[in-house]
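J.: Here's the letter readout for the chains.
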Amino acid sequence: MIQFLQANMGTILSLLGAALAVGLAGAGSARGVGVAGEAAAGVVAEDPGKFGKVMVLQLLPGTQGIYGLIIGFITLSQTGILGGAADLSIAKGLVYLCACLPIAIAGYFSAIAQGKASAASIGVVAKKPDQFGKAMIFPIMVETYAILALLVSILAISGAANVAF
Amino acid sequence: MDKEFLNDELLDNALLPDELFTSQVAQIRAKENTLLSDQALTQLMQCQTYEECIQFLLDRGWGPAGGNTPEELLRTEKDKVWELMHQLCSDKEMHMFDIFRFSKDYHNLKAAIKESYMQKEVPNIYMDGGTIPIETIRKAAADGDFSPLPVQMMKAAEEAREILFHTGDSQTCDVIIDRAALLAMNQAGKATGNQLLSDYAELKCVAANINIAIRACKANKSIDFLQHAFAECDSISVQKLMAATRNGLDSIYEYLEQTSYADAIDAIKESPAAFDRWCDNRMMKLIKPQKYNAFTISPLAAYVLAKENEIKSVRIILSGKVNQLPDEKVKERLRDSYV
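Heads up: the sequence lines are chains F and H, in that order.
The working numbering puts the first residue of the first sequence at 80, with every later residue one more than the last.
The working numbering puts the first residue of the second sequence at -8, with every later residue one more than the last.
Think of the hints as simulated: they come from the structure by calculation, not from any bench.
Computed from a prediction, not measured in an experiment: that's the story for all the values here.
Among these hints, one or two may not hold up.
[To be verified] Computed spacing ranges between beta-carbons, pair by pair:
1. H:63 x F:208: 30 to 36 angstroms
2. F:216 x H:77: 32 to 38 angstroms
3. F:128 x H:254: 25 to 31 angstroms
4. F:128 x H:69: 57 to 63 angstroms
Quick reminder that beta carbons are idealized off the backbone N, C-alpha and C, glycines included.
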């Protein structure tokens, strides 16, 4: 067992990074979309004509899950896990794990926060449908931080491929 | 405040877990579009006849169409609010709204005690919509055994019944029960752990105390009566208000000037109706921030109060039309709307 871990620790760490990126960002999105979905359902119960508008707002917190998936996919691809030829040092595996953390952490928390902002914006659309454009801006502001985290994760993974350990 | 005034059932059900009420609040946001704005109330007032008023309300989704008397129409709207709340909230969550219904229970208690004292049935004196079945209260009053009622209600009922049956003093009987109702509401408001409900109960208590002070001062009531009548609350000192009441109206105004209710003075000086209007407008001011709150049960509670306020305004307008009052007189009595 110890020998197995010593031989594959690098790969395990990079896989853990990919799992966290997809898992945490996805869990955050699920919660965010869930909260926004509750609000959307509440509005549609009273006014089904607003379905289109509230659905767009509900979907906004779903992007973090996609960002996590992108990072997870790139990590699996770069480390060779997808091709079945992964052979990483512990240090390199750790680098990949660290590279995945920004989107995992920021993705999780920003998706939940965005879900709440979307729910509040759905309330705006319920009362003033003509203010849909403005209402969308508030949850989109939260997206900024998920995009920054995605950017850093992509840069870190790209850089990790060129680092010699 | 005495702990025994706490409604045990409400305390058990209070402090709900961190419920966001996201879906319910969104549904209420959509419902708020149907509330009558100040502009809509002005339009209603401008209707030439009573029939036009009814048609205006029907067009705005009020009541079922056809054969509506004003009372039916207003009652239907009240019922609709509670039906909606029952749809949106679980039974446990509905207990949060009990403080809106306590006054009906205590009104029924007064009616039942007086009915048993007079030993004859009086029609249409009970109010539906309380937290305790009317029959339970009636039976308790008839038997003289108030143990089936909540503790705080039981103690007040026993005291009030004894006074009424021994002295025939129905005013003191009313005062004891009214005070118990205020204390129960105030305590229950705090027990909910919800700031809006707590502030609502506090405001109701303060308004009642000011009302008592003004009336008692004009009627030159004894200190003993005042001690029975005033209900303790946090934002005004009952002791100071009592002392001011003994010293006259100007002392009451002087004391209120030092509190956050100084703006009530002008309304009190104007007329009792103006003070009632001040109370309702102050309530609207209290709940208006809930229009921007996307979570918690508070926007639901605010909607219930907003709808009650709207029904009150419509009642004033319809009464004005039926009694052919000038629009200016009706407008003076209209409350601020929530939307």
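J.: Looking at the structure, which of the earlier hints fail to hold?
T.: 3 and 4
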